[in-house]
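Undergrad: Given next are the chains, with one letter for each unit.
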Amino acid sequence: MNESLNLILGAFLILNLLLASSSRLLHCIKLVAVQGILLGLMPLTLPHSPDSSAWEYLLVMCLNLVIKGVLLPVLLAYTMRKTDVRRELEPLVGYSASLVIILVLTGIAFWLGSLLPPEPHGASALVVPAALSTICTGLFLIITRRKAITQAIGFLVFENGVSIFGTGMMIHNGLLVELGLLLDVFALVFIMGIAVFNINRSFQHIDTHSLNALGD
Amino acid sequence: MNNNLCLWWTGLIAAFLLAPLLKGIINKTKAIIVGRRGPKLLQPYYNIIKLLRKGCVRTTTSCGLLAWGPPVTLATAMIALLFLPYANQISPFAFTGDAFLFAYLLGLGRFALVLGAMDTGSSFEGMGSSREVQFAALAEGPLFAVLGFLAISSRSLNLSSMLTCPLPAQVPTVVAAVILAAGIAFVVLLVENCRVPFDDPETHLELTMIHEAMVLDYSGPDLGYILYGSCLKLWLMAAFVWLMLIPGDFGSPGLMMVLHILGILLSGVIIGIIESVTARFRFLKLPQFLLGSLGAALIALALTILTGRNLP
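Residue numbers (our numbering), protein chains in the order written: chain Y, 1 to 216; chain D, 1001 to 1312.
Chain Y extracted, bound-state conformation (with noise of 0.2 angstroms):
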């Protein structure tokens, strides 16, 4: 057993619960950053894998670190500040409510990862649970909050989810692979900042529901 992997993951659980239940829009950013860093951090934790390089591991750990856990939530955090959205995060569903939905989602991620047969390389139990409750999360988040920016932040938290399955499992289809994902993140939140900030200068606001009423 990998203890201080299963320490990340379960902070990776509680970070979740800390998601759904914050108000506040630097709040969430700040938690995604964490997460970012912990999801750079992880490599180190688990056992050195014969078929791959050191450097490599090194490589995407930075990128992890630098991009994910710095780049992206420093982005986030100065287009809330360039498009002066309220901090507050106007949910379809309340707090409380999103708590119990994402306890239920974990519970459920719990039973699915219960499923699935033994890890081939004896990673972590928790690795599976963490993963999908992290993808859950970050689609529950896409779902239910309003603003374009907190949409964005669903997604990296989605993506996170994505990446701790990958790390957790040992799957090293290599670099080319996560250097294709954080690529992927990486121009996603650009052009989403980007989008955030025009929608804001043409409509004054950035409740995408109001672009659902648009017609062509």
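Keep in mind the hints are simulated off the structure, nothing from the lab.
A hint or two may mislead.
Between beta-carbon pairs, the in silico distance windows are [claimed, not checked]:
#1 Y:V177 x D:V1034: 50 to 60 angstroms
#2 Y:V104 x D:F1095: 28 to 38 angstroms
#3 D:S1130 x Y:S23: 22 to 32 angstroms
#4 Y:K30 x D:V1034: 29 to 39 angstroms
#5 Y:P117 x D:N1002: 47 to 57 angstroms
#6 D:F1250 x Y:L44: 28 to 38 angstroms
#7 D:F1250 x Y:L181: 41 to 51 angstroms
Some chain D residues well away from chain Y (every beta-carbon gap over 12 angstroms; in silico) [stated by the list, open to error]:
#8 L1082
#9 Y1104
#10 T1173
#11 C1194
#12 P1221
#13 S1252
#14 I1270
#15 L1290
#16 G1292
#17 S1293
#18 L1298
#19 I1299
#20 A1300
Sample of chain Y residues with no beta-carbon within 10 angstroms of chain D, all distances over it, derived [unchecked claim]:
#21 E3
#22 I14
#23 L31
#24 L59
#25 L63
#26 A77
#27 L92
#28 F110
#29 P117
#30 L126
#31 A187
#32 F190
#33 N198
Where is the CB? At the ideal position from N, CA and C, for every residue including glycine.
Fit chain D to the supplied structure of chain Y, relying on the hints for placement.
TA: Just chain D now, kept in the frame of chain Y:
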């Protein structure tokens, strides 16, 4: 009577004698932090003794339940104190499943107080009871999640062995889970004893009271019983949290006893500090906070179950 049993009885007597001191420490800490001299450390004792010497006035509209509330609250708190393993000595009253009795004795005391409050027919007391019961119901989830956590990590339903079970200190995940669960137990302590983030014990406005609103109609010895009962309950929960954190036997029994009492008094200082630096939560935020602690306790539970599989 053997040595361990003597030690346990010392712990019990210390609880009965020192419980009001814990409240005194909380008040003194708060006073020092805001720069006042504050009431004497022994002020809760004086208050209780003064109240016990007074006469008692009861409303004539009540049907008698009013008189039942205070003695039942006090008695349940006293009985619940019998099940704790003071200084890690197994309680002579322990039996399998006493954890549930422990939890529901607290519930029974609250129920008696709520009935008494409703009996007066005062709208303020009805409001206070309604809030008290609502938050107590929400706090029950985290409390039972913590008890479940203890039951699984010690593989027993006996409160004494649940709280004295030595931690596998070499497993960081379990230690982290224990600290998390003890934190949740501390939250439950704050709710159960109506401390600041949930209720303000010093408020003088009936509309914002929770617990205080329920005891508005009591006077004299009745109020004295309630005050002493609440002191005992505070000691009880503080001892519970402290016993969770102490990892099994180490050192001589005398040292354990001193550590036990010092730890509980220290928790008084911590509560005082928390009350000085935080404001009370909005009513609407309370259920969310308690649900969150339930979630955290369940995660602690999941962590122990998953790591416990590979432990001896």
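Undergrad: If a hint holds in the structure, say so; if it does not, say that too.
TA: Tested hints:
A beta carbon spacing of about 57 angstroms between Y:V177 and D:V1034 agrees with the range 50 to 60 angstroms that was offered as a hint. Checked against the given bound of 28 to 38 angstroms, the beta carbons of Y:V104 and D:F1095, roughly 35 angstroms apart, stay inside it. About 26 angstroms separates the C-beta atoms of D:S1130 and Y:S23, a value consistent with the hinted range of 22 to 32 angstroms. At roughly 30 angstroms, the beta carbons of Y:K30 and D:V1034 sit within the given window of 29 to 39 angstroms.
A hinted range of 47 to 57 angstroms for the beta carbons of Y:P117 and D:N1002 is consistent with their spacing of about 53 angstroms. Judged by the Cβ atoms, the range 28 to 38 angstroms given for D:F1250 and Y:L44 holds: they are separated by roughly 33 angstroms. The supplied range of 41 to 51 angstroms is met by D:F1250 and Y:L181, whose beta-carbon atoms lie about 48 angstroms from each other. Even its closest Cβ contact with chain Y, about 35 angstroms, leaves D:L1082 beyond 12 angstroms, as expected for a residue assigned away from the interface.
Remark: the non-interface label on D:Y1104 is consistent with the geometry, its nearest Cβ contact in chain Y lying 24 angstroms away (cut-off 12 angstroms). Distance check on D:T1173: its Cβ comes as close as 4 angstroms (rounded) to a Cβ of chain Y, failing to clear the 12 angstroms threshold; non-interface status is violated. No Cβ of chain Y approaches the Cβ of D:C1194 within 12 angstroms, the least distance being about 21 angstroms, so the stated non-interface status holds. The non-interface label for D:P1221 is consistent with chain Y: the shortest C-beta to C-beta separation is roughly 41 angstroms, beyond 12 angstroms.
Listed as a non-interface residue, D:S1252 keeps its Cβ farther than 12 angstroms from every Cβ of chain Y; the least gap is roughly 32 angstroms. Distance to chain Y confirms D:I1270 as a non-interface residue, since its nearest Cβ pair spans about 22 angstroms, more than 12 angstroms. The non-interface label for D:L1290 is inconsistent with chain Y: the shortest C-beta to C-beta separation is roughly 9 angstroms, within 12 angstroms. For D:G1292, the shortest C-beta to C-beta distance to chain Y comes to about 5 angstroms, within the 12 angstroms cut-off, and the non-interface label is violated.
Not every Cβ of chain Y is farther than 12 angstroms from the Cβ of D:S1293; the closest lies at roughly 10 angstroms, contradicting the non-interface assignment. At roughly 7 angstroms from the closest C-beta of chain Y, the C-beta of D:L1298 falls inside 12 angstroms, breaking its exclusion from the interface. At roughly 5 angstroms from the closest C-beta of chain Y, the C-beta of D:I1299 falls inside 12 angstroms, breaking its exclusion from the interface. Distance to chain Y contradicts D:A1300 as a non-interface residue, since its nearest Cβ pair spans about 8 angstroms, not more than 12 angstroms.
The claim that Y:E3 lies off the interface is violated: its Cβ sits roughly 5 angstroms from the closest Cβ of chain D, which falls inside the 10 angstroms cut-off. With 10 angstroms as the threshold on Cβ separation, the claim that Y:I14 sits away from chain D is violated: the shortest Cβ distance comes to roughly 6 angstroms. No beta-carbon of chain D is positioned within 10 angstroms of the beta-carbon of Y:L31; the least distance is around 13 angstroms. At roughly 28 angstroms, the least C-beta separation between Y:L59 and chain D is larger than 10 angstroms, which holds for a residue marked as non-interface.
At roughly 28 angstroms, the least C-beta separation between Y:L63 and chain D is larger than 10 angstroms, which holds for a residue marked as non-interface. Against chain D, the non-interface label of Y:A77 holds: every CB pair exceeds 10 angstroms, the least being about 24 angstroms. Once the 10 angstroms rule is applied to beta carbons, Y:L92 is consistent with being away from chain D; the minimum gap is 16 angstroms. A beta-carbon of chain D comes within 10 angstroms of the beta-carbon of Y:F110; the shortest separation is about 6 angstroms.
Residue placement check: Y:P117 keeps its beta carbon more than 10 angstroms from all beta carbons of chain D (closest about 16 angstroms). Residue placement check: Y:L126 does not keep its beta carbon more than 10 angstroms from all beta carbons of chain D (closest about 6 angstroms). Taking the minimum C-beta to C-beta distance to chain D, about 33 angstroms, the non-interface status of Y:A187 holds against the 10 angstroms cut. With a least CB separation of 33 angstroms from chain D, Y:F190 remains clear of the 10 angstroms interface cut-off, as annotated.
For Y:N198, the condition that its CB be more than 10 angstroms from all CB atoms of chain D holds, with the nearest at approximately 34 angstroms.
Taken one by one, the earlier hints fail for this structure at numbers 10, 15, 16, 17, 18, 19, 20, 21, 22, 28, 30, listed in ascending order.
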